[in-house]
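*Asks:* Chain residues, written in single-letter form:
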Amino acid sequence: MAKKKAEGYLSAKESRQISKRNRKITDELEKKRKRKNVPESEYVTKMHDPKNAVEFDNLHTYFFTDTGTVKSVDGVSFEVPIGKTVGIVGESGCGKSVTSLSLMQLLQRPQGQIVEGEIRLNLGDKVYDIAKTPQEKMQNIRGNMVSMIFQEPMTSLNPVFRIGRQIEEVIELHDGEGKSKEDIKARTIELLEMVGIANSEGVYKMYPHELSGGMRQRVMIAIALACNPRIIIADEPTTALDVTIQAQILDLLRNLKDKINSSIMLITHDLGVIAEMADYIVVMYAGRVVEKGTAEEIFEHPSHPYTIGLMASKPVVGKKVDKLYSIPGKVPNPVDMPNYCYFKDRCEMCVGPCAGDYPPEISLSETHKVSCYRYCEEKGEK
Amino acid sequence: MRKYIGKRIAISVMILFCTTLIIYALLRCLPASYVENMAMQLASKPGAKPYEEWLLQLNASYGLDKGIVPGFFTWLAGAVQGNFGDSWKYTVPVLEKFNEVIWLSFAMGAIAFVLELIIAIPLGVIAATKQYSKTDYAISAGALVGISLPTFFFATILKLIFSVKLGWFDLYGLVGRNYAQLDAMGQFLDKANHLVLPIITIVIVSVGSLMRYTRTNMLEVLNADYIRTARAKGLSEKKVIYQHAFRNTLIPLVTIVGGSLPSLFSGALITETLFSIPGIGYTSYQAMIIGDIPFSMFYMTFLAILTLSGNLLSDILYGVVDPRVRIA
Chain A
57 MAKKKAEGYL
67 SAKESRQISK
77 RNRKITDELE
87 KKRKRKNVPE
97 SEYVTKMHDP
107 KNAVEFDNLH
117 TYFFTDTGTV
127 KSVDGVSFEV
137 PIGKTVGIVG
147 ESGCGKSVTS
157 LSLMQLLQRP
167 QGQIVEGEIR
177 LNLGDKVYDI
187 AKTPQEKMQN
197 IRGNMVSMIF
207 QEPMTSLNPV
217 FRIGRQIEEV
227 IELHDGEGKS
237 KEDIKARTIE
247 LLEMVGIANS
257 EGVYKMYPHE
267 LSGGMRQRVM
277 IAIALACNPR
287 IIIADEPTTA
297 LDVTIQAQIL
307 DLLRNLKDKI
317 NSSIMLITHD
327 LGVIAEMADY
337 IVVMYAGRVV
347 EKGTAEEIFE
357 HPSHPYTIGL
367 MASKPVVGKK
377 VDKLYSIPGK
387 VPNPVDMPNY
397 CYFKDRCEMC
407 VGPCAGDYPP
417 EISLSETHKV
427 SCYRYCEEKG
437 EK
Chain B
105 MRKYIGKRIA
115 ISVMILFCTT
125 LIIYALLRCL
135 PASYVENMAM
145 QLASKPGAKP
155 YEEWLLQLNA
165 SYGLDKGIVP
175 GFFTWLAGAV
185 QGNFGDSWKY
195 TVPVLEKFNE
205 VIWLSFAMGA
215 IAFVLELIIA
225 IPLGVIAATK
235 QYSKTDYAIS
245 AGALVGISLP
255 TFFFATILKL
265 IFSVKLGWFD
275 LYGLVGRNYA
285 QLDAMGQFLD
295 KANHLVLPII
305 TIVIVSVGSL
315 MRYTRTNMLE
325 VLNADYIRTA
335 RAKGLSEKKV
345 IYQHAFRNTL
355 IPLVTIVGGS
365 LPSLFSGALI
375 TETLFSIPGI
385 GYTSYQAMII
395 GDIPFSMFYM
405 TFLAILTLSG
415 NLLSDILYGV
425 VDPRVRIA
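Chains A and B, in that order, are what the protein sequence lines are. Mind the numbering: the first sequence is residues 57 to 438 in the numbering used here, read in order. Mind the numbering: the second sequence is residues 105 to 432 in the numbering used here, read in order.
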């Protein structure tokens, strides 16, 4: 019986204890979050590098579930420079989406909470620490400074409102001062044309169910771009679309980004998309950044065994193989993970220190960083 | 749209035909026979004909000597011309009796229904938005009490508190003792006063399920992707809930509301009987236990028509609130 419990079965007593403990923690955090009139000094900070649009600094986002604490994002640090595209790769459940939702403060509360770390968002004249920004300020930032394109175009638009209405809503909210209804409509039509919808007047009056997936994703992009945001989070924007549309959507994103000079955080598990779009790449595994660097560094010299495995498991044109490589084993259960390299059970290149604590971040170059003991030793020798 | 409605009406007529046939057959098979009782009474008079002779004679005069199917078609032939025959118990034309009692039930039902909507929908929405909070638990527990405890229990409790202890209302009946002496306004107020407790009973009993239904739907909608999109746009929580989520919650609500329209007439049966309010429920109950086939037949057919039109109505309303099922 005891053995079984260890494999993830909870007794009623344990479950009650966990819920009680969770409630205590989340209630406290919620209380702090729900205060009225938070002084600005609490969440205004400074960027470490003013050329960055966002800096994630040691971000910890936990989910306090009834089966235990899930450390979805556990000490993630990376930055998104202004005007650049940062690709975040990693398999399902590694914390990519949670990182981006943390930036929007759209986590499923009260279970999901940012417990530690800073997200510094460059608003031009001010810098906000999103982890501490109150709800009312967030509403001015969302859709205006930071906007998000979700992975499910089929369900991300409200089925009972017309397309035009859904786009106009954002413009009215953030950009509507001194604008007449006609101005807003004109801007909406312009946006629809910008994202490559030919029949913009017609689509303006349509409902979401009358459009295809690709068209809906274009509408989502139009909504995201409506207020010229500084950062666009694209959470697997092409996953639900077929390949021909994928290319169009990516082209569109890239062109539009250059037009309004914003940064893109591109979340995907499609290495092809990353290779095409990203300037910098962040590789995540089980809630941590295992490797980050410029696109060239990651693709030419993948260093972490997980990244190497990822590169090896993608098909290459012109090379004949019987079977694609797949990384052995599976992702560890995220509940109450101990502090060691999470990849070591699946790693084929383990070295001695791997049994110990989580490896520190090692710089291979100015921009290329990796968390793996294999490089620690090399460094040590040098 | 017109073609669709036409088709739906044609189907409804077919269903109505089958339903009435089944009801007629069931009513003819009921153990409570009005004719047998009457024959028994007549035969027991001194110097009367024997029971069997009376039975034959009465069966012939009430049209019960024919089989079920021919009997049904005789009834149907009358019914399509609007002639539902005379009520055996009340000895007046069915429609006359119906017209006399229905408006009272309708007024009661309509007031209760509006109150239900006013109470249930906001509470359901609040419970959903504050899921697992104390408010949510209180509302859900209240709804559960309303759903689980039977009508007669609540009616009795209300009577005990408001009639016996506080003496605010009469125990039962529609009019007070000195009704005849009152002027028109006073008579109206007297009736209204007597309807308060029955209406409260109806509301308490039926408000729970609607509230639970609203809560469940709202929760489902609040977890939808487009709600996250709405939040990502920077809309205030109020707008997210009352514009984006609520419009979507309305879709399934319309079905249940449309479907519950006929129950306003039939559901009042127990309450009306408990409070001795001479509405359609009470009247049809009296007709049913005595085996009054014409009145029961009419009441059942009426309910069937209401149910069918309620469904049709909710399907049409569905199209109004949900653009996806709108038929061009």
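The set of hints was computed from the structure by calculation and includes no laboratory data. Incorrect hints may appear among the rest.
Okay, derived cross-link-like pairs now, EDC-like style, lysine to aspartate or glutamate, Cα gap no bigger than 20 Å in a straight line [what the hints assert, rightly or not]: (1) B:Lys-342 - A:Glu-192; (2) B:Lys-263 - B:Asp-287; (3) A:Lys-188 - A:Glu-208; (4) B:Lys-343 - A:Glu-228; (5) A:Lys-140 - A:Glu-352; (6) B:Lys-234 - A:Glu-192; (7) A:Lys-102 - A:Glu-86; (8) A:Lys-188 - B:Asp-426; (9) A:Lys-88 - B:Glu-324; (10) B:Lys-343 - A:Asp-113; (11) B:Lys-234 - A:Asp-298; (12) B:Lys-342 - A:Glu-86; (13) A:Lys-182 - A:Glu-192; (14) B:Lys-234 - A:Glu-86; (15) B:Lys-234 - A:Glu-84; (16) A:Lys-107 - A:Glu-332; (17) A:Lys-182 - A:Asp-122; (18) B:Lys-238 - A:Asp-113; (19) A:Lys-193 - B:Asp-426; (20) A:Lys-87 - B:Glu-324; (21) B:Lys-238 - A:Asp-122; (22) A:Lys-182 - A:Glu-228; (23) A:Lys-76 - B:Asp-240; (24) A:Lys-313 - A:Glu-332; (25) B:Lys-234 - B:Asp-294; (26) A:Lys-87 - B:Asp-426; (27) A:Lys-87 - A:Glu-172; (28) A:Lys-92 - B:Asp-426; (29) B:Lys-238 - A:Glu-228; (30) B:Lys-343 - A:Glu-192; (31) A:Lys-261 - B:Asp-274.
*Asks:* Report the numbers of all earlier hints that the structure fails to satisfy, in ascending order.
*Replies:* 2, 3, 7, 8, 9, 10, 11, 16, 17, 18, 19, 20, 22, 25, 26, 28, 29, 31
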